[in-house]
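Peer 1: Starting from the given sequences, assemble the full structure and let the hints guide the process.
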Amino acid sequence: MNTTNQKASIWPHIAWTYLLFWYLTSTTQLLLSTSGITSFEGLKDTTLTTVFWLIPIFLLPKHTKKVSAIFGVAIWLFALPAFGYFLIYKQELSQSLIFIIFESNNAESSEYLSNYFTFSILLKFIIFSIIPILIWKKIPSHLDISNKKGYIFALIILVLFFAHPIRKAVIAGKASVAYKNLNKHLVSAPPWQLILGYSNYQRELKEVESFLMTFNRSTPLSNFSELKKPSPTTVVIVIGESSTRLHFGLYGYHRDTNPKLSTIKDELSVFKNVYASRPNTIESLEQILSFADQSQPDLYKTKPTLIAMMKQAGYKTFWISNQQTLTARNTILTTFAKQTDKQIWLNNARSQNSYSFDEKVLDPFSETLKDTAEKKLIIVHLIGSHMSYKYRYPKSFDYFKDSNNLYAGLSEDKIQKINEYDNAIRYNDSIVYDLIQRLKSTNQHSMLTFFSDHGDDVYDSNNHEFQGRNEYSPTLPMYAVPFITWSSKDWFTNDLLRNPEILDRQYSNADFIYTWSQLMGITYKGFDHAKSIVSSKFKDYPIIVGNPYDAKSLKKLEIN
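Residue numbering for the sequence shown follows the working numbering, starting at 136 and increasing by one per position.
Be aware that one or more of the hints could be misleading.
Label pairs and their in silico Cβ distance ranges [stated by the list, open to error]:
#1 E636 <-> E693: 52 to 58 Å
#2 K284 <-> G603: 51 to 57 Å
#3 K319 <-> L258: 41 to 47 Å
#4 T437 <-> E494: 37 to 43 Å
#5 G387 <-> Q572: 22 to 28 Å
#6 I266 <-> K319: 44 to 50 Å
#7 G603 <-> I694: 16 to 22 Å
#8 K319 <-> Q478: 36 to 42 Å
#9 N335 <-> F252: 25 to 31 Å
#10 L212 <-> S255: 20 to 26 Å
#11 Q478 <-> F252: 29 to 35 Å
If you're looking for bench data, these hints aren't it; they were derived computationally from the structure.
No residue lacks a Cβ here, since even glycine has one placed at the ideal position from N, Cα and C.
Peer 2: Laid out in structure tokens, this is it:
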């Protein structure tokens, strides 16, 4: 066979091999770009970077079919998360969402999949997986090229692959520029999407750990002062999970989901227009428990957190958690918790789809109240109404069982899920009520604030078709959170809390640290009265939601 014929015979085989890898790395980007969801930039990057997968084929030309099968299966596995996310949310799997994946454990991920996995999605996964098998069958068992020529082809690809990043690094005089350039072009393509996501997550975690566990101990807020309080003083922050206030009877929901808290309504300050800034736990609490917000999301890495502030004021701090996702693993949120003097982890279930009811926090909470410290901060993190909702309440709270007071025309499956969610909210009501009663019984100078990290949309919007959260398609239920405060009769800033004018103010909970500071009588350099909901100098402002690291996603939340 002459050289011309040989070349003519191998290139179609190379083309089929390239098509296999292109399909696996680029299908999701093709769907995103042709749907108008993203630009064609990601598709361009995956199309160019796919050439990289020809390197092992050229290095092992005698095993083309086997090598393409091994790498093809690996890329297919890494491609499934982004493809599945597109099917469910019609959005791209961003680096921010990849962080959430790594913050979650296997049990939580399994619960998420079971909640959204339908026969339609399964069918699309099957079709997605069959097509590369058909392409793979077109690939020959080997390529008719010499080892020397294969090495040359592989070298050419490597040079082309790394030439531009290296040139950028040389011009900038920094080796890190090459990594950033590669990251930029590879971040849309599996398997690099998850591999780089994991690398970036680990780097972020180390950075957060280094700051929160070192800086917060050594760098206090400047010009710091605290008004004197009666002794002992105990303050409590109760963090709910996935609870939208649109399902709270206290806020006018048409079902009786707050029978307990309603009995002490006169003792509560019920803020009517508070919103989470982000619809995921870690990202929301990064802002709530620090000075970070939507315009400066990284301030939690460079300024003391709320916990550090309270320790600077002399409070002994505690963290009580029934969040299964935090046990036995080091995550960004556990690093926040570890700033406290004592942590109590209560949910050791191997599966998130298990019954670990929030009543677990009650006895440890009572024991913590007995601590002899003159000033205490107790943070209680509930599992609340986290999916799957049916696991969040005992049988005795299986109260809502029919479609009474629900939207007309809902399917049985939707009715059941709404009932489960409302039962979880009703159970949460009893837990928050019990925490208040236990704090009240100490007769200490005390205050308790309850809010949820974010909400869930449980068929409340989009023609009652959607359930869950999606930052790139925000709806009111995802962000509208309960914000309720109880205080003892002698609480020294009750004059602020008892002002009825403050309850209707529109407020982002990203600025919670300023409200908390004022209620604590704490001031410091940088304190902003305009961001405290109880301040006479408060300024109303629009609620901005979206991913602050993706400026195009930021938008004003539609309140009405």
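Peer 1: Compare the structure with each hint and give your call.
Peer 2: Hints versus structure:
1. With their beta carbons about 25 Å apart, E636 and E693 fall outside the hinted range of 52 to 58 Å.
2. Checked against the hint of 51 to 57 Å, the pair K284 and G603 passes, with Cβ atoms roughly 52 Å apart.
3. Separated by about 34 Å at the C-beta atoms, K319 and L258 break the suggested range of 41 to 47 Å.
4. The hinted range of 37 to 43 Å is satisfied by T437 and E494, whose Cβ atoms lie roughly 39 Å apart.
5. Checked against the given bound of 22 to 28 Å, the beta carbons of G387 and Q572, roughly 24 Å apart, stay inside it.
6. Judged by the Cβ atoms, the range 44 to 50 Å given for I266 and K319 is violated: they are separated by roughly 28 Å.
7. Range check, G603 to I694: about 21 Å between beta-carbon atoms, so the 16 to 22 Å window is met.
8. Taken as a hint, the range 36 to 42 Å holds for the pair K319 and Q478, whose Cβ atoms sit roughly 38 Å apart.
9. Separated by about 27 Å at the C-beta atoms, N335 and F252 satisfy the suggested range of 25 to 31 Å.
10. L212 and S255 have their C-beta atoms about 21 Å apart, which keeps the hinted 20 to 26 Å range intact.
11. Checking the proposed 29 to 35 Å range against Q478 and F252 shows it holds: the Cβ atoms sit about 34 Å from each other.
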